[in-house]
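Please model the entire structure based on the sequences and the hints provided.
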Amino acid sequence: QSVLTQPPSASGTPGQRVTISCSGSSSNIGNNYVYWYQQLPGTAPKFLIYKTNQRPSGVPDRFSGSKSGTSASLAISDLRSEDEADYYCAVWDDSLSGPIFGGGTKLTV
Amino acid sequence: EVQLVESGGGLVQPGGSLRLSCTGTGFSFSHHYMNWVRQAPGKGLEWVGRTRDKVNSYNAEYAASVRGRFTISRDESERSLYLEMNSLKSEDTAVYYCAIEGDNSGPDFESWGQGTLVTVSS
Numbered sequence: 001q002s003v004l005t006q007p008p009s010a011s012g013t014p015g016q017r018v019t020i021s022c023s024g025s026s027s028n029i030g031n032n033y034v035y036w037y038q039q040l041p042g043t044a045p046k047f048l049i050y051k052t053n054q055r056p057s058g059v060p061d062r063f064s065g066s067k068s069g070t071s072a073s074l075a076i077s078d079l080r081s082e083d084e085a086d087y088y089c090a091v092w093d094d095s096l097s098g099p100i101f102g103g104g105t106k107l108t109v
Numbered sequence: 001e002v003q004l005v006e007s008g009g010g011l012v013q014p015g016g017s018l019r020l021s022c023t024g025t026g027f028s029f030s031h032h033y034m035n036w037v038r039q040a041p042g043k044g045l046e047w048v049g050r051t052r053d054k055v056n057s058y059n060a061e062y063a064a065s066v067r068g069r070f071t072i073s074r075d076e077s078e079r080s081l082y083l084e085m086n087s088l089k090s091e092d093t094a095v096y097y098c099a100i101e102g103d104n105s106g107p108d109f110e111s112w113g114q115g116t117l118v119t120v121s122s
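In order, the protein sequences belong to chains Y and S.
Per our numbering, the first sequence starts with residue 1, numbered consecutively.
Per our numbering, the second sequence starts with residue 1, numbered consecutively.
These are computed hints drawn from the structure, not numbers from a lab.
For every residue, glycine included, the Cβ atom is placed at its ideal position computed from N, Cα and C.
Some hints could be false.
As the list claims (entries may be wrong) - Stretch-level coverage of chain S by chain Y, calculated; a stretch enters the list once three of its residues show a Cβ under 8 Å from a Cβ in chain Y:
(1) 41 to 47
(2) 68 to 79
What the hints assert, rightly or not - Below, simulated DSSO-like cross-link-like pairs (lysine-lysine); rule was C-alpha separation at most 30 Å, straight line:
(3) S/K43 with Y/K46
(4) S/K89 with Y/K67
(5) S/K43 with Y/K67
(6) Y/K51 with S/K43
(7) S/K54 with Y/K51
Said to hold, decoys possible - Okay, the calculated bits of chain Y under chain S, using three or more residues with CB under 8 Å as the criterion:
(8) 24 to 35
(9) 52 to 61
(10) 91 to 101
So, in structure tokens, the structure goes:
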């Protein structure tokens, strides 16, 4: 059971917009930046969103992040088949003094 | 271009030991925090631990699940990060990734290796 709660699955059709939620607490999301990672099948995770809403170079602007209180969200617009992957949120937890990951959300397109 | 290459994975019996290595190129080795993150088969990501940068004496920090059994170190001359794993348990079976932090401010794992599989089984 992860300290950060993500829905186990999400789905959408090409061209749609989907959001993936990540719920935490005041010791993690409420007080720190949120990060998101994309893991395609059989590959290492990829840096997708940093400092809650920033995109590394090379990440399409179809991907966006946001936060409100102790919850965060990843939004993917103009959904494409290549977006089918597992998505993980991550954040520093002040109580645990270390980073934690959400349980992951499998996105089906 | 940043490249991280892990090695040393394999099959080990419960209670045994194993040492993983991660060699990095394309970045300033002494300036980045370096982490180990693992993923059990079919499961999510779990942070294992990290070493800070040279300014912080490469001090290591660990997740509670491995503290006292695992040791993380790094060798600047070899540009390598190590994970010494002792008293291994079946629940340590996972792909182990090394990852560097971009600005050493949290789980900003901007680059990852391809991973190395550790299987703990008799």
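Under the constraints set out in the numbered hints, which ones does this structure not fulfil? The structure breaks hints 2, 4, 9; every other hint is satisfied.
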